[in-house]
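Below are the chains, spelled out letter by letter.
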Amino acid sequence: MSRRTVNVIIVLYLIVVWAAVIFRIDRFPLTWVPMYSVYEPSETISAKVWDNNKYGKGILVTHRDGTTSYVSSKDLNIPKPNFRRLYYSRIFGSAPPKHKQGNTELGTMNRWVRGLDEDEPNFSVDWEWRMFWTLNKTLRHEPSDQKFIVQMEADYQRRIYRKADLLKGNISKVEIQTRKALMEWNDKWLPRWEHEQL
Amino acid sequence: MSSCKWLSRAWNQFFFTGFSGESLGLLRMYIGCGLLFFHTWQFATVLSLNPFGSMYYFLEPIWYFKVLGIQYHIPILSFITYVVLMAATVTMILGKWTRASILVVILCIFYLKGVRDSFSGDVHHRYIIPMQILFLFLLSKCGEVHSRDASQHQFASVQEWEASWPIKTMQLYIALFYFWSVIAKVRVSGWVWFAGEGRIQEVLIKRSVRWGVTGEGELVKNSLSFELAQHPELIQIFSHMVLVFELGFPLILFIKSVKLRAFFLAGVITFHISTFVLMDVNFLLIPFVYLIFFDLVPIHQWLKTRAWPSFRRRPSIAG
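Residue numbers (my numbering), protein chains in the order written: chain S, 1 to 198; chain U, 1001 to 1319.
A few of these clues could be false.
Computed list of lysine to aspartate or glutamate pairs in EDC-like fashion (alpha-carbon distance at most 16 Å, straight line) [said to hold, decoys possible]:
{"#": "1", "chain 1": "S", "residue 1": "168", "chain 2": "U", "residue 2": "1233"}
{"#": "2", "chain 1": "U", "residue 1": "1206", "chain 2": "S", "residue 2": "51"}
{"#": "3", "chain 1": "S", "residue 1": "173", "chain 2": "U", "residue 2": "1216"}
{"#": "4", "chain 1": "S", "residue 1": "163", "chain 2": "S", "residue 2": "40"}
{"#": "5", "chain 1": "S", "residue 1": "98", "chain 2": "U", "residue 2": "1122"}
{"#": "6", "chain 1": "S", "residue 1": "137", "chain 2": "S", "residue 2": "194"}
{"#": "7", "chain 1": "U", "residue 1": "1066", "chain 2": "S", "residue 2": "196"}
{"#": "8", "chain 1": "S", "residue 1": "163", "chain 2": "U", "residue 2": "1227"}
{"#": "9", "chain 1": "S", "residue 1": "98", "chain 2": "S", "residue 2": "51"}
{"#": "10", "chain 1": "U", "residue 1": "1256", "chain 2": "U", "residue 2": "1295"}
{"#": "11", "chain 1": "S", "residue 1": "180", "chain 2": "S", "residue 2": "155"}
{"#": "12", "chain 1": "S", "residue 1": "100", "chain 2": "S", "residue 2": "120"}
{"#": "13", "chain 1": "S", "residue 1": "168", "chain 2": "U", "residue 2": "1227"}
{"#": "14", "chain 1": "S", "residue 1": "163", "chain 2": "S", "residue 2": "43"}
{"#": "15", "chain 1": "U", "residue 1": "1221", "chain 2": "S", "residue 2": "51"}
Reference listing, derived: stretches of chain S covered by chain U, where coverage requires no fewer than 3 residues with Cβ under 8 Å from a Cβ of chain U [as the list claims (entries may be wrong)]:
{"#": "16", "stretch": "15-29"}
{"#": "17", "stretch": "37-44"}
{"#": "18", "stretch": "85-98"}
{"#": "19", "stretch": "110-121"}
{"#": "20", "stretch": "132-142"}
{"#": "21", "stretch": "161-167"}
If you are wondering where the hints come from, they were derived from the structure by calculation, not from laboratory data. Even glycine gets a Cβ: it sits at the ideal position worked out from N, Cα and C.
In isolation and in its complexed conformation, chain S is listed as follows (with noise of 0.2 Å):
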């Protein structure tokens, strides 16, 4: 290689690298965002508590023929930090952090690139049917089964911090909430599930 070409080569991999940061592009191995950028001002903190026993259990599913039994990480066979995200956020409908990341503040010309509308996400997955489509497939349900699972629950606790009582250094001031999640299979979804279109 020519000291030309390896100049050619440098400037070519630096308009790349820079393109990728302002054009917000997210795709490995390029990347605008190294670290956790998010954050919205808020007067409280939620943090959920993992508990052990219950997504060691699994997720609750009912099948069609009315039975109801846990679904595992050992059942999916999937590392278990991966099956507590499905557990903790995914059932809840909640995005992973990159998606958050790629749809807060994203700006005009980077949503003329992409021909989004003023409210438009970048990234908007429809996470119910995902998890109905992951679960059954995996396990190998087709929908006339009647071990086809229609229904998924999962409940966690959350604790509410207000940051004015941390600060003062009161920690037993915190709320104790519950949260539920309730997932039930839509036939709508049948021709996706035909067309395996995700």
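We have chain S already, so just place chain U on it with the hints.
Below, chain U alone, put in the same frame as chain S:
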């Protein structure tokens, strides 16, 4: 005209000077050794699965899995890929079929990272810097020095400019990576991110509480994070330090003193250890890439002539 000349001189001075072929070859070896640990640390969760268990359908496949139509996980394939990845990393370290080995390492990382990040749709950024380094190694002549390939083939000696540009480009990328971090925070959240009652406090609380609370109201884990979260004035100091080091990271490119550079990077390593301990931010092993900021020739020489012989001279347990 003169500014053009100055720019060209500065460009050449930066990208094409400073490192020898030997430095480049050694860097390939040492970064490769770091990668052996890094791969295992990163993909340990995938290796904890049952190789003959269920084939999981990805909840949100990573972008290139979508393009390639990869919808589900074949567990045994991940184990095979991991073995191939480790073997290719070893041949990369040895400099045997160097370019092909680096290419295999890159492809295996793409696959295993794709699998790990597609399970639940959370895409992690820990491989971005190593991937840039591998890409630049792939384009460089790193396999022509300190390698099996070099002992079998007659290569022309690697010139200073040929050895320097990949290393300097790696350095520039890492400096920009931290610098972009500030840009992203300000772009998305504004300067309030750095406030004492800002993002850091929020993460400290979330990460400490999530492990649960005992019947007496004590935290099961990370009580230090919770304690720190109650002192926004302290967090403010830390967040300003983060701001200064991230914004100032590109300055490392102009620091000539090795000691000063090592001091700066020691600070960055402390930052990554702290964020791991206090906030569970898993960039703990990433500092191995900071080797690119040093000329490894004297370090390797010292290890070879002083450290290794004295280590070997130590009396064995059997002796």
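Hint by hint, here is what the structure shows:
Restraint check for residue 168(S) and residue 1233(U): the C-alpha separation of about 13 Å stays at or below 16 Å, so the hint holds. With a C-alpha separation of about 14 Å, the suggested pair residue 1206(U) and residue 51(S) falls inside the 16 Å cut-off, and the hint holds. Taking the CA atoms of residue 173(S) and residue 1216(U), the gap is near 14 Å; set against the 16 Å cutoff, the hint holds. Simply put, residue 163(S) and residue 40(S) have alpha-carbon atoms about 14 Å apart, close enough for the 16 Å limit, and the pair holds.
Note on residue 98(S) and residue 1122(U): the hinted pairing holds, with a Cα-Cα distance of about 7 Å set against a maximum of 16 Å. A distance of roughly 12 Å separates the Cα atoms of residue 137(S) and residue 194(S); the hinted pair therefore holds under the 16 Å criterion. A threshold of 16 Å between alpha carbons decides the hint, and for residue 1066(U) with residue 196(S) the separation of about 12 Å falls inside it, so the pair holds. Under the criterion of a C-alpha separation no larger than 16 Å, the hint pairing residue 163(S) with residue 1227(U) is consistent with the structure, at around 13 Å.
Straight-line distance between C-alpha atoms of residue 98(S) and residue 51(S) comes to about 25 Å, which puts the hinted pair past the 16 Å bound. Our distance criterion of 16 Å between C-alpha atoms is met by residue 1256(U) and residue 1295(U), whose separation comes to about 12 Å. With a C-alpha separation of about 4 Å, the suggested pair residue 180(S) and residue 155(S) falls inside the 16 Å cut-off, and the hint holds. Of the pairs offered as hints, the one joining residue 100(S) and residue 120(S) holds, with about 13 Å between alpha carbons and a cut-off of 16 Å not exceeded.
Between residue 168(S) and residue 1227(U), the direct Cα distance comes to roughly 12 Å. Compliance with the 16 Å bound is thereby established for this hinted pair. Taking the CA atoms of residue 163(S) and residue 43(S), the gap is near 6 Å; set against the 16 Å cutoff, the hint holds. For the suggested pair residue 1221(U) and residue 51(S), the alpha carbons sit about 13 Å apart, so the restraint of at most 16 Å is met. With 6 residues carrying a beta carbon less than 8 Å from a beta carbon of chain U, the stretch 15-29 of chain S meets the three-residue requirement, and the given coverage holds.
With 5 residues carrying a beta carbon less than 8 Å from a beta carbon of chain U, the stretch 37-44 of chain S meets the three-residue requirement, and the given coverage holds. A stretch counts as covered by a chain when three or more of its residues have a beta carbon under 8 Å from one of that chain; for the stretch 85-98 of chain S and chain U the count is 8, and the coverage holds. Check on the stretch 110-121 of chain S: 0 of its residues sit with their Cβ under 8 Å from a Cβ of chain U, so the three-residue criterion for coverage is violated. Counting residues of the stretch 132-142 of chain S whose CB lies closer than 8 Å to any CB of chain U gives 5, so the stated coverage by that chain holds, three being the minimum.
As drawn, the stretch 161-167 of chain S meets chain U at 4 residues by the rule of a beta-carbon pair under 8 Å; at three or more, the given contact holds.
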